[in-house]
Structures are given as C-alpha cells and as structure tokens.
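Visitor: These are the residues of each chain, in order.
2 protein chains.
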Amino acid sequence: MVETKKISKRQLILDEAAKLFKDRGYGGTSMRDLAGQVGMEAASMYNHIKAKDEILASICFRISDLYISQLGEISATNTSYGDKIKALIRLHIRLMVEDGPAVSVANHDWKYLPEPKLGEFKQARKTYEKGFAALIEAGIAAGEFQPVNVSVALFTILSAVRWIELWYRPGRDLSAEELEANIITVLLHGLERK
Amino acid sequence: MVETKKISKRQLILDEAAKLFKDRGYGGTSMRDLAGQVGMEAASMYNHIKAKDEILASICFRISDLYISQLGEISATNTSYGDKIKALIRLHIRLMVEDGPAVSVANHDWKYLPEPKLGEFKQARKTYEKGFAALIEAGIAAGEFQPVNVSVALFTILSAVRWIELWYRPGRDLSAEELEANIITVLLHGLERK
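In the order they appear, the protein sequences are chains A and B. For the first sequence, position 89 (counting from the first letter as 1) is numbered 89 according to the working numbering, and the numbering increases by one without interruption. For the second sequence, position 154 (counting from the first letter as 1) is numbered 154 according to the working numbering, and the numbering increases by one without interruption.
Misleading hints may appear alongside valid ones.
[Unchecked claim] Here are the simulated PhoX-like cross-link-like pairs (lysine-lysine), alpha carbons at most 25 Å apart as the crow flies:
id : chain 1 : residue 1 : chain 2 : residue 2
1  : A       : K52       : A       : K111
2  : A       : K130      : A       : K86
3  : B       : K111      : A       : K111
4  : A       : K194      : B       : K84
5  : B       : K111      : B       : K19
6  : A       : K9        : A       : K117
7  : B       : K22       : A       : K22
8  : B       : K50       : B       : K84
9  : B       : K19       : B       : K86
10 : A       : K130      : A       : K194
11 : B       : K86       : A       : K111
12 : B       : K111      : A       : K122
13 : B       : K52       : B       : K130
14 : A       : K22       : A       : K126
15 : A       : K9        : A       : K19
16 : B       : K19       : B       : K84
17 : A       : K86       : B       : K194
18 : B       : K22       : A       : K194
19 : B       : K84       : A       : K111
20 : B       : K194      : A       : K194
21 : A       : K19       : A       : K111
22 : A       : K22       : B       : K122
23 : A       : K22       : B       : K19
24 : B       : K19       : B       : K9
25 : B       : K52       : A       : K19
[As the list claims (entries may be wrong)] Ranges between beta-carbon positions, derived for each pair:
id : chain 1 : residue 1 : chain 2 : residue 2 : range
26 : B       : T79       : A       : P170      : 35 to 45 Å
27 : A       : E120      : B       : S69       : 24 to 34 Å
28 : A       : K111      : B       : G100      : 13 to 23 Å
In case anyone wonders, no lab produced these hints; they're calculated from the structure. Model, not experiment: these values are computed from the prediction. Even for Gly, the Cβ is constructed at its ideal location relative to N, Cα and C.
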C-alpha cells in the first residue's frame, strides 16, 4: 500500500517534470521549480527522486522502451508490411497526442543524459531505427514496397511523425485520426493520384 | 572596383559566419571569433559589417528571398502540379547540399533576430508556406493529387526535406540526385507499390 503510493507519487513527479522540461527546457528547470509545481517540499521530494538526471533518464527510457516493445509486437503480427508501417505511424502519432511532454523530452533533451545513460539511449534509438528499417527492407524484398533507398524511406517517415509536434494542435481543424489517415496516405500511397 | 572588393569581402564574412553559427551556435560565436576566422582585425571587419545581428539578418533573408523567388518562378512554369512540387523538393535538397551552413542558420537561428526583423522573417516564412500550400491545393483541385489535408501534405514534405540536414552526409552511400529521386518517390508516389 505504502509502496503503491510511493510509485504513483513518483509518476506524478515525472509527469510534471516532463511538462516543465518541455516548457522551460531541461537546463531551465530546477529541482526547486519541480517541487513547487508538484506541491511538495524539496526535502520530501528527494524521498522519491534523487536527482534531475535520474528524472530525465526515467522519462527518456520509458519512451524508448515503449517504442521498442511496440515495434517488437507489431513486427510479430501476421499482417502485411504496409499494415506494420501504418501501425508504427499510428503509434508515433498516438504517443505524441497522449503523452506529448514525455515524447518531446525524449526527442530533444536526451542529449543532457550523463554517461553511461547517454550511450545506452543512443543505442536504444539505433535499435529502434534498425528494427523499423528492417520492416521497410522486408517489404521491399516481398515486392510490397517500391525499391527505394531504405534510409530515405525511414527518415522521411520519422521526420514526418516527429515534426507533427511543431505544427499540430489536437482538435483544431484535424482530429488525431484524420491526421493519421492523411499522413499514411501521403507516405504510403503518395500525393499523386495513380 | 573598390566597391566590388568590399561586397565580396562582405560575402566572405557572411559565409564564414554561417559556418561558425552552425558549428558553435549563434550565441556561442563572437565578432572576435569571426574576425579570427576570416583573418581580419576586428576593427577592420567593422568597415564591412556593423553587428552580429546584421550578419544573422543578411544570412536569413538571403535564404528566404531565394526560396520565395524560386517558388514564384516554379509556380509560373507551364508544368503539372506534380512537376512543380518535385522542383520545390529538388530546390530544398540542392540548397541544403550547396549552401548548407546558411540554410541551417535560416532554419534554426532566425529566432535570435531582433524585431522588426524577426516579424519580417516569420512573415516571409508564412508567405513561402502559403505559396507551397497553394500549389498542393491547386493540384488537388485539378484532380492530379489525392484529396488530402493540405497542411498534412505540406508539413510532411517540408519535414522530410528539413530533416535531411540531420542524417544525410553528401556522397557517402547516396548522391544528392539519388536522394532527390528517392524522396520524390516516397512523397509523390508512396512507399507501397500500386
């Protein structure tokens, strides 16, 4: 019971930290700011979390673990390669819409991780990119996809889903579902009519 | 004769400044660093250029003027909308490959422009995006493009060409021409075979 409460308090601190890091930058956020935001004394917050870089690591690795485990599940499904790539595009968009601040921190502030965490995070990102690239490659080999350069296809897809953060505001003119459908149309089927 | 020499010296200073801003950041580059890089005394550099923000503005507006004038030329050509979009994608890639540091400064460091230059630059960017969007919209109206959301198509294309800076190194595995052809395939024709 006590343990559960401690874990959820910790999660609350991590969630508020992600919002502050996103709004003020990692360097611009102090542990004191964070305690104020969470409504705790700095001293009692240290019962839950020891240091700012521990918070950063928790946020970054929660997101990278999520991407990697979802990639594993999607790769293992018995569907076409097109459907797997579509599922990954939807995953990126849903995470951005539902877990925006943490995704933003994992995208931008990972570079402030201290070693060896920094190296581990870069490795995790590489693992994800390689797994994503392998699906594109397999789709080309299966004759499902056009014989494009795999890196160009990979980074075109990743840049499209990453840039959403900068221009998309949920619910204004376009729902998350419409956003997904339109990005999938452009990337999988192309802008030109056949 | 003297005037020509002054202009080209000025251009040399601007080119070296773009490289320094890209490598060390705008804030991390001093006029003294720049004078050292160009091989001039700081005092004599001030004959050509008065302040760091004047340099930044010259770089940013040279790039935005170039994009806007090229967009005008491409829009006016008697070709299909698909060919116009392809020409714009090629323009982005060529500028990035041939004029990389200045493009990078215009993409990232414009936010350090002082007002009213900052507002003017944002306006120029909006003008460009609107013109690009108008071509997509006209292509949809003409039945040449799929009936996608114009903002999604616009930002998917712009993010793809902007992210190239982060992952592409000219000449390694992929020439600039191959890069152009592959990005055009993904964005205009789609990853999936029809």
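Visitor: A separate judgement is required for each hint: does it hold in the structure or not?
Guide: Comparing the hints with the structure gives:
{"no.": "1", "hint": "A:K52 to A:K111", "result": "holds, 14 Å"}
{"no.": "2", "hint": "A:K130 to A:K86", "result": "holds, 17 Å"}
{"no.": "3", "hint": "B:K111 to A:K111", "result": "holds, 21 Å"}
{"no.": "4", "hint": "A:K194 to B:K84", "result": "holds, 17 Å"}
{"no.": "5", "hint": "B:K111 to B:K19", "result": "holds, 17 Å"}
{"no.": "6", "hint": "A:K9 to A:K117", "result": "holds, 24 Å"}
{"no.": "7", "hint": "B:K22 to A:K22", "result": "holds, 23 Å"}
{"no.": "8", "hint": "B:K50 to B:K84", "result": "violated, 40 Å"}
{"no.": "9", "hint": "B:K19 to B:K86", "result": "violated, 28 Å"}
{"no.": "10", "hint": "A:K130 to A:K194", "result": "violated, 31 Å"}
{"no.": "11", "hint": "B:K86 to A:K111", "result": "violated, 35 Å"}
{"no.": "12", "hint": "B:K111 to A:K122", "result": "violated, 28 Å"}
{"no.": "13", "hint": "B:K52 to B:K130", "result": "violated, 30 Å"}
{"no.": "14", "hint": "A:K22 to A:K126", "result": "holds, 23 Å"}
{"no.": "15", "hint": "A:K9 to A:K19", "result": "holds, 16 Å"}
{"no.": "16", "hint": "B:K19 to B:K84", "result": "violated, 31 Å"}
{"no.": "17", "hint": "A:K86 to B:K194", "result": "holds, 16 Å"}
{"no.": "18", "hint": "B:K22 to A:K194", "result": "violated, 41 Å"}
{"no.": "19", "hint": "B:K84 to A:K111", "result": "violated, 38 Å"}
{"no.": "20", "hint": "B:K194 to A:K194", "result": "holds, 8 Å"}
{"no.": "21", "hint": "A:K19 to A:K111", "result": "holds, 17 Å"}
{"no.": "22", "hint": "A:K22 to B:K122", "result": "holds, 22 Å"}
{"no.": "23", "hint": "A:K22 to B:K19", "result": "violated, 28 Å"}
{"no.": "24", "hint": "B:K19 to B:K9", "result": "holds, 16 Å"}
{"no.": "25", "hint": "B:K52 to A:K19", "result": "violated, 34 Å"}
{"no.": "26", "hint": "B:T79 to A:P170: 35 to 45 Å", "result": "holds, 37 Å"}
{"no.": "27", "hint": "A:E120 to B:S69: 24 to 34 Å", "result": "violated, 47 Å"}
{"no.": "28", "hint": "A:K111 to B:G100: 13 to 23 Å", "result": "holds, 21 Å"}
Violated hints for the displayed structure, listed by number in ascending order: 8, 9, 10, 11, 12, 13, 16, 18, 19, 23, 25 and 27.
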